[in-house]
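Between the sequences and the hints, there should be enough to build the whole structure, so can you do that?
Protein chains in written order, with the working numbering: chain U, 1 to 444; chain Z, 1 to 330.
Worth flagging that the hints you see were computed from the coordinates, not collected in a lab. From the three backbone atoms N, C-alpha and C, an ideal C-beta is built for every residue, glycine too. Where hints are given, some of them may not hold.
[Claimed, not checked] Partner residues aside, some chain Z positions facing chain U, computed with beta carbon under 10 Å:
no., residue
1, R45
2, L69
3, N70
4, T71
5, H121
6, G164
7, L178
8, G181
9, Y183
10, V184
11, P185
12, G187
13, A205
14, L206
15, A208
[Unchecked claim] Heads up, simulated DSBU-like pairs for lysine-lysine below, C-alpha to C-alpha not over 30 Å straight-line:
no., chain 1, residue 1, chain 2, residue 2
16, U, K197, Z, K162
17, U, K34, Z, K161
18, Z, K55, Z, K104
19, Z, K161, U, K346
20, Z, K248, U, K156
21, Z, K177, U, K336
22, U, K364, Z, K161
23, Z, K79, Z, K55
24, U, K425, Z, K96
25, Z, K177, U, K34
26, U, K276, Z, K177
27, U, K346, Z, K162
28, U, K197, Z, K161
29, Z, K162, U, K34
30, Z, K162, U, K399
31, Z, K162, U, K207
32, U, K210, Z, K161
33, U, K344, Z, K162
34, Z, K177, U, K43
35, Z, K79, U, K425
36, U, K207, U, K32
37, Z, K73, U, K425
38, Z, K177, U, K346
39, U, K207, U, K346
40, Z, K161, U, K207
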Amino acid sequence: MLPRDIALEDAILDLVDNCVDGAMRQEKRRLKQKTPFEGYYAKLTFSSDGFEIMDNCGGIPSDFVEGAFSLGRSDITKDRDLPTIGMYGIGMKRAVFKIGNEALVQSNADSGFFEVEYTKEWLNPESQDWNLPIRKENTKKRADRGVTITITDVKKDIGRAFDNPSFLNRVQNQISEHFGYLMQRGFRIDVNGETLKPKTRLVKFAKHSKTAAIRPYDFETRVDGVDIKVTVGFFRSLARESEIDSELESPHDQDTAGVSVVCNDRVVLLSDRTMKVGWGDGGVPRYHPQFRAIAALAVFSSADADRLPISTTKRDLDVGSDVYLRARKALMEGLKIHTDFTNKWKGMEEETEALFQGPKADAKTQVQLAARHGKAVRGETNARRYVPNLPMPQTRNPKRRISFTRNEDQIIAVSRHLFGEPDQKPSIVGEECFDQMFEQAKSQ
Amino acid sequence: MNGSDIPYQLRPNKYIDRQIFIDLLNRVLSERGNENFIYISMGGRHLVDHSSVYKQAGISCLLSIDSSLNTVKRQLLNKPIGKTECWELHSAEIPKRMDDILDKFGSEKNVALWLDYTDPHARLTQIQEFIAVLHVLQPGDILRITLNAHNGSLGDESVWKKEGYRNPAHFRAEKLKLQLGDYVPVGLTEISDSDLPLALIDILALAAAEVEGQRDIRVQPLLLTSYRDGQRMMTVTVGVTDLNHDRKLPSGIRHWPFRAKGWAGLVSIEAPDLSLREKQKIDQHLNRPPSYILDRLNFLPAKDRKASLGAISSYKKLHRYYPEFRHVPV
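The structure is reproduced here in structure tokens:
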């Protein structure tokens, strides 16, 4: 039975995954190039009464057809030599079930054209008719090769979502995030006629030199046929302690800190802040809003998708694999360097503002510090590591934070006493108390 | 001293903004009757809003909330009428206390609620609170939100080049995305010098759409304003209707010149600084075009002729809401 409780957004991402897989099949010899997907597209159209996704990614190969339209699980061993993730069968059927009551799938491949019609009767859960006729023609019908899925009878609640600008904005954001690295390599995705822009991880980046500056930690290696690149850096200036204090009550910024993992250009994990990626393990502190300026990206690439640290469902990270564990070790090293930096400047965040005024660079494509300036890692043939020389504060007389709480009536009383008015900010009241006592201490 | 320390009668743009809001309340509330509404807002220490809403819109069920106990104590002295309630309550708690509020004033009543925010660093929380409040409102209720729309609140834009942005407009859009993430429309890539209020309106429109997607209600924009009060501020006032509502505006504002046109129709409040005598002179020719009025004045009320024509147009549009300062011996 196909799960119907999949989130609508995930169902749509599945369909885009299928398009990307098609493009990968077409360009399997060019995958190492910079923009192998130039010219390929997926166009999605949402409205309250219909949905369509159309691509030019080669169409469904003839040996996939039976599996794609049978109700059982598709053969996931197909494409074994290709870095694909989506599975025509499951993704497509799940999306059709989720979205509508009637759908038409048309595929135009070199091997021929075919179409399949999901009727209302066939999609009815009570229906006993399992036969899904596939109409085939041996010649191409369209000039370009691709798949079009048209869902005409959209379910009422889904149609309402498709008509809702908030839903569309969320889907567009998710597509830009999940397929950002593929879009960066030429794949185009349009939603309701507008071409989306890729969202990728940027970090503050100063060119390599001996002078201390804000630069990311960068690491590269190759393990079991998988290229690994780990970059850890700052994507914004340090969070000030006053900001963190008030943030513990309510967030100031939408928190995009954390570690993202990309496997063959697809985002598998987004802004994770758990032990899975190394927070709170091996000397790395647990994630705290204090570290909200830190972002990291772990990138895995392999022509053999089986070697990627992805579970057999092709949706989750295989955190136990050797390949992943090597990347996690690098992530922890990079996180530790950046949490140490944050701790060293604690209470003096304002003084670091100027250090963060430089530009940002794309962590995957533009940060090449390990490759160009990294040092070999002892005992690891393929590994290169770049450890940034981050600016450190003068340690002779460091600033330390004093923090405490008192009841409001006590603060009001001291505020009246010091300032003649009851409603000075508690932090100002506290500072003034300290300053006055310090003056007294100095004079004695 | 910051803007909030100045009595708002001395802040003409803010004053006019509130007067237009009260005009809106009068027009919208008349259908159901003002006795059927509860007015809720962060009244500040003097409860000026509550006083105006009581005196000018006739709402007598008034609740003020404030997170400072001291402010609440001052409010109790400044209550416009005896049954005004002043609660020590943070705005984030409104949704879960809504039943208590209705229990206090009458569960059959509608609410007109104003989230009057000023802190630009808390925009994310403010938008989340706007969404949370919309989740507990019912058809007939009115919600207003004020947000800080000052460009400087997004950071020092003079560093745009150093930080690698295309221009200051790109800097603003990216900083706003950093603050509000997925609440920002994906198509927003630049925010020009004067367009932060419009960007925030688009964000609030998406926030309202999020609630519409989860509840059987419609959120209908009624009034969108922007004004400078030391810093630029913007307000959005929406009405909640049931799902089958035809999206027509309430009859009382269908022909009102300040009504929202969907999520467009921002009213920019730029009140020129005019003396009483200057106002009287302009008032004599109020039905004539701005150029005619300007020719009757022997001075330019703004820096040049073009700006002066703009100032007179603005005065013509807003003159009914202008504050009139008088010395009142007590």
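Outcome of the hint check:
| no. | hint | result |
| --- | --- | --- |
| 1 | R45 | holds (9 Å) |
| 2 | L69 | holds (6 Å) |
| 3 | N70 | holds (6 Å) |
| 4 | T71 | holds (8 Å) |
| 5 | H121 | holds (5 Å) |
| 6 | G164 | holds (3 Å) |
| 7 | L178 | holds (6 Å) |
| 8 | G181 | holds (3 Å) |
| 9 | Y183 | holds (7 Å) |
| 10 | V184 | holds (8 Å) |
| 11 | P185 | holds (6 Å) |
| 12 | G187 | holds (7 Å) |
| 13 | A205 | holds (7 Å) |
| 14 | L206 | holds (5 Å) |
| 15 | A208 | holds (8 Å) |
| 16 | U:K197 with Z:K162 | holds (23 Å) |
| 17 | U:K34 with Z:K161 | holds (28 Å) |
| 18 | Z:K55 with Z:K104 | holds (21 Å) |
| 19 | Z:K161 with U:K346 | holds (28 Å) |
| 20 | Z:K248 with U:K156 | holds (23 Å) |
| 21 | Z:K177 with U:K336 | holds (27 Å) |
| 22 | U:K364 with Z:K161 | holds (23 Å) |
| 23 | Z:K79 with Z:K55 | holds (12 Å) |
| 24 | U:K425 with Z:K96 | holds (28 Å) |
| 25 | Z:K177 with U:K34 | holds (28 Å) |
| 26 | U:K276 with Z:K177 | holds (27 Å) |
| 27 | U:K346 with Z:K162 | holds (25 Å) |
| 28 | U:K197 with Z:K161 | holds (22 Å) |
| 29 | Z:K162 with U:K34 | holds (28 Å) |
| 30 | Z:K162 with U:K399 | holds (29 Å) |
| 31 | Z:K162 with U:K207 | holds (14 Å) |
| 32 | U:K210 with Z:K161 | holds (24 Å) |
| 33 | U:K344 with Z:K162 | holds (26 Å) |
| 34 | Z:K177 with U:K43 | holds (25 Å) |
| 35 | Z:K79 with U:K425 | holds (25 Å) |
| 36 | U:K207 with U:K32 | holds (26 Å) |
| 37 | Z:K73 with U:K425 | holds (18 Å) |
| 38 | Z:K177 with U:K346 | holds (26 Å) |
| 39 | U:K207 with U:K346 | holds (26 Å) |
| 40 | Z:K161 with U:K207 | holds (16 Å) |
Comparing the model with each earlier hint shows no violations; every hint is respected.
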